[in-house]
Structures are given as structure tokens and as C-alpha cells.
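J.: Sequence:
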Amino acid sequence: MNVPAVCKKFLRDENASSAIEYSLIAGLLGLVLVYPLSVAGARVGAPLVVLGWAIETSGQ
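The sequence shown maps to residues 316 to 375 in our numbering.
If you are wondering where the hints come from, they were derived from the structure by calculation, not from laboratory data. Built from N, CA and C at the ideal position, the CB exists for glycine as well. Check before you lean on any hint, since a few could be wrong.
Unchecked claim - Ranges of calculated distance between the beta carbons of each label pair, as one might list FRET restraints: (1) 369 <-> 347: 39 to 49 angstroms; (2) 336 <-> 369: 39 to 49 angstroms; (3) 373 <-> 340: 41 to 51 angstroms.
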């Protein structure tokens, strides 16, 4: 099985299945990029949210 030929066929293929596969690949890449940021954001952002909530409730 010639892998480059299969890759070229996959890249030229414009079926709905390839669009779904591309969207899955894009989704996985997005998850890989966003997940570390969300984990870091949760560590930094959660105390800020709690602090903001405490300030807001104490002012009322």
C-alpha cells in the first residue's frame, strides 16, 4: 500500500466523509491547543471568580 498515494487521494477527496474527518481532526487539534490553556486558566481564573463573587456579594 502506497502511503503518499493514499494521502493524495485523501486530500483530493471531497466527500462528506472527508469533511467530517477534517472537522474531527480540527476539533482534536483545537482540543489539544485549548485544553492546556483551560487548565491553566482554571487554576488562575477560579480564585479570581471567587474573589469577584465575594466582592460583589459583600457590596450588596
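J.: Are any of the numbered hints broken by this structure? If so, which, sorted upward?
T.: 1
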